[in-house]
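> Each chain is listed here by its residues.
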Amino acid sequence: MALLLSSVALIVLGEAIGSTGWAPPWGAQEPATATQILWEIRLPRSTGAWLAGALLGLSGAIAQGLFRNPLADPYLLGSSAGGTLGVALLLVIVGISPVAGGLAARVGLSGAAFVGAVLGVVLTLSLARGVQHTVRLLLAGVIVGFVLGAVVSLVMLAAPEIMRTMQAFMLGTTGFLGWPSVGLLAAALLVSALTAVACARALDALTLGESAALSLGIPLSRVRVILVGALALATGTAVAQTGMIAFVGLIAPHLVRHLCRPTHTALLCLSAVAGGLLLLAADVAARGLVAPQELPVGVLTAVLGGGYLLWLMHRQPVRDQA
Amino acid sequence: MNSSWNRPVLRAALSRVAIQRYRILGAVDIELSRARWTAIVGPNGAGKSTLLRVLAGLQHYEGEVRLQDRPLTNWKPRARARELSWMGQHVGGADDLSAQDIVMLGRLPHQAWLAAPAKADRDVVYWAMTQTQSWDWRDRPLSTLSDGERQRVLLSRVLAVRAPVLLMDEPLTHLDPPHQADWLRIIRAQVADGVTVVSVLHELNMALQADELIIMASGRVVHQGPPAAAETHAALQQVFDHRLRLVCADGQWVALPETRA
Numbered sequence: 001m002a003l004l005l006s007s008v009a010l011i012v013l014g015e016a017i018g019s020t021g022w023a024p025p026w027g028a029q030e031p032a033t034a035t036q037i038l039w040e041i042r043l044p045r046s047t048g049a050w051l052a053g054a055l056l057g058l059s060g061a062i063a064q065g066l067f068r069n070p071l072a073d074p075y076l077l078g079s080s081a082g083g084t085l086g087v088a089l090l091l092v093i094v095g096i097s098p099v100a101g102g103l104a105a106r107v108g109l110s111g112a113a114f115v116g117a118v119l120g121v122v123l124t125l126s127l128a129r130g131v132q133h134t135v136r137l138l139l140a141g142v143i144v145g146f147v148l149g150a151v152v153s154l155v156m157l158a159a160p161e162i163m164r165t166m167q168a169f170m171l172g173t174t175g176f177l178g179w180p181s182v183g184l185l186a187a188a189l190l191v192s193a194l195t196a197v198a199c200a201r202a203l204d205a206l207t208l209g210e211s212a213a214l215s216l217g218i219p220l221s222r223v224r225v226i227l228v229g230a231l232a233l234a235t236g237t238a239v240a241q242t243g244m245i246a247f248v249g250l251i252a253p254h255l256v257r258h259l260c261r262p263t264h265t266a267l268l269c270l271s272a273v274a275g276g277l278l279l280l281a282a283d284v285a286a287r288g289l290v291a292p293q294e295l296p297v298g299v300l301t302a303v304l305g306g307g308y309l310l311w312l313m314h315r316q317p318v319r320d321q322a
Numbered sequence: 323m324n325s326s327w328n329r330p331v332l333r334a335a336l337s338r339v340a341i342q343r344y345r346i347l348g349a350v351d352i353e354l355s356r357a358r359w360t361a362i363v364g365p366n367g368a369g370k371s372t373l374l375r376v377l378a379g380l381q382h383y384e385g386e387v388r389l390q391d392r393p394l395t396n397w398k399p400r401a402r403a404r405e406l407s408w409m410g411q412h413v414g415g416a417d418d419l420s421a422q423d424i425v426m427l428g429r430l431p432h433q434a435w436l437a438a439p440a441k442a443d444r445d446v447v448y449w450a451m452t453q454t455q456s457w458d459w460r461d462r463p464l465s466t467l468s469d470g471e472r473q474r475v476l477l478s479r480v481l482a483v484r485a486p487v488l489l490m491d492e493p494l495t496h497l498d499p500p501h502q503a504d505w506l507r508i509i510r511a512q513v514a515d516g517v518t519v520v521s522v523l524h525e526l527n528m529a530l531q532a533d534e535l536i537i538m539a540s541g542r543v544v545h546q547g548p549p550a551a552a553e554t555h556a557a558l559q560q561v562f563d564h565r566l567r568l569v570c571a572d573g574q575w576v577a578l579p580e581t582r583a
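So the protein lines, in turn, are chains A and B. Numbering follows this note's numbering, in which position 201 of the first sequence is assigned residue number 201; successive positions increment by one, without gaps. Positions in the second sequence are counted from 1; adding 322 to them yields this note's numbering.
So here's chain A without its partners, still in its complex pose:
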């Protein structure tokens, strides 16, 4: 509840911070221009940032429950590497051929990123030969991440002119979010959140181990397929719209668990809200801290997220798993 309220408060704050620093819409000299800036730029950007963060927080909670590992990250199925590669290839194509460039421009960067992200996940799944073996799935994700990452580096080396755009994508940015993006993000969030919450009890049972979950009559294979699908949809959409935003998906569930000890139904919902709040706060800070310049929001989440995780790690006595 408190999380939701602070989200709303932050959206309002997000409206007030513009390219020239603190510039609240109220009391502006030209009301018409102010309204336009507010409606066309700041509001979709803030809403979009919240939604993207919510998607990442949700995927983090799904991944950590599904893989029974508190360090699981929404990107671990290869979606980030795939998305990055998609963007890199698109930029190269735009660069070399005007005809293909026209086509590519219509697909758009986020389209390429989404296709790349989904292909990354598909590649991981096929390497792991299905979703039933979670350790194999994790390893396949790591392999796909490394290999596709290497391909991206190769592409960037061959076409250095795409370097700047690539860097912006890899650091993550909320600067390109318009109303269409907001619609896409909202739809993806709705679908994946409902799917995940429908499987929440299975995730609870899974905390006792796979055998115990099976013995309780949970259709584990089906649940895995569904949840990996939701995970891919959520991360793919988020990566496509905002690039690689570090740490939000990893941190959000930890933040929630630190505040209360929820079952997965609550954990999934609260992680989404917390993720949204985190990314929005980072976005507002990124715009406000060094205005009129703007920090890449991914840099900010990485620094804040890393710091928070470190603090959490040293605060909690680690219980050794016998």
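Some hints could be false.
Stretch by stretch, here's where chain B covers chain A in the computed footprint (C-beta under 8 Å, at least three residues) [said to hold, decoys possible]: (1) 52 to 63; (2) 195 to 208; (3) 211 to 217.
In short, the hints are calculated from the structure, not lab data. Using N, Cα and C, we set each Cβ at its ideal position, and we do this for glycine too.
Start from chain A and add chain B according to the hints.
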């Protein structure tokens, strides 16, 4: 009582059970009757836990397992989960859930999809947790409990299914003597209610309190019989290298270590 009362609840006729091409169990043929407590004993690596997993439908096997005269593979997972409650060894994870949430998981096979727990479910959880005296720390996360307290919560989880067949793998691990005695009392009460209990036990003295013993060694059932019978004692001596001294105290058989080589 209907006619199925005297028929075995569980019957396993296995030809072979392998895990990654390693043969764990050979030919095994056992029957478990209703309202009896059977303890499975044997040296390490005898295949006790695997047999229990086979009975719970968690392990691939060659042969046939019948639950209430129906092949286990024909049961729908949820229906089977209401009939068979299984508890494994060393449960890791689950650190964040409260003890009460864990026990409530035992009600999953009874709850409709997405339905909130009903009052009946909460009543069963209360009952199960008072049985193991774990109700007092129902709101504590599992990670803050000691190993023994954790084990009692997991026991309540198994009881909360209210299944007519309980399968427990090393249920006494980490329990102190008073709570081992409590476990014995709970099991006896369950059996008196018509529940069939199968437990893998390392503590021979507890196992000797069971209605029946299944003695295993290297993937085979060496003997199945009541704990007081001479044949059972002979089989125990055989699988434990004749390093036991079985004595009768107060009408109860106990196994002491035989120190003479």
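> It remains to establish, for every hint, whether it holds in the given structure.
Outcome of the hint check:
Only residues whose C-beta sits within less than 8 Å of a C-beta in chain B count toward coverage, and the segment 52 to 63 of chain A has 0 of them, not enough to reach three; the restraint is violated. Counting residues of the segment 195 to 208 of chain A whose CB lies closer than 8 Å to any CB of chain B gives 6, so the stated coverage by that chain holds, three being the minimum. Requiring three or more residues with a Cβ within less than 8 Å of a Cβ of chain B, the coverage given for the segment 211 to 217 of chain A holds, as 6 such residues are present.
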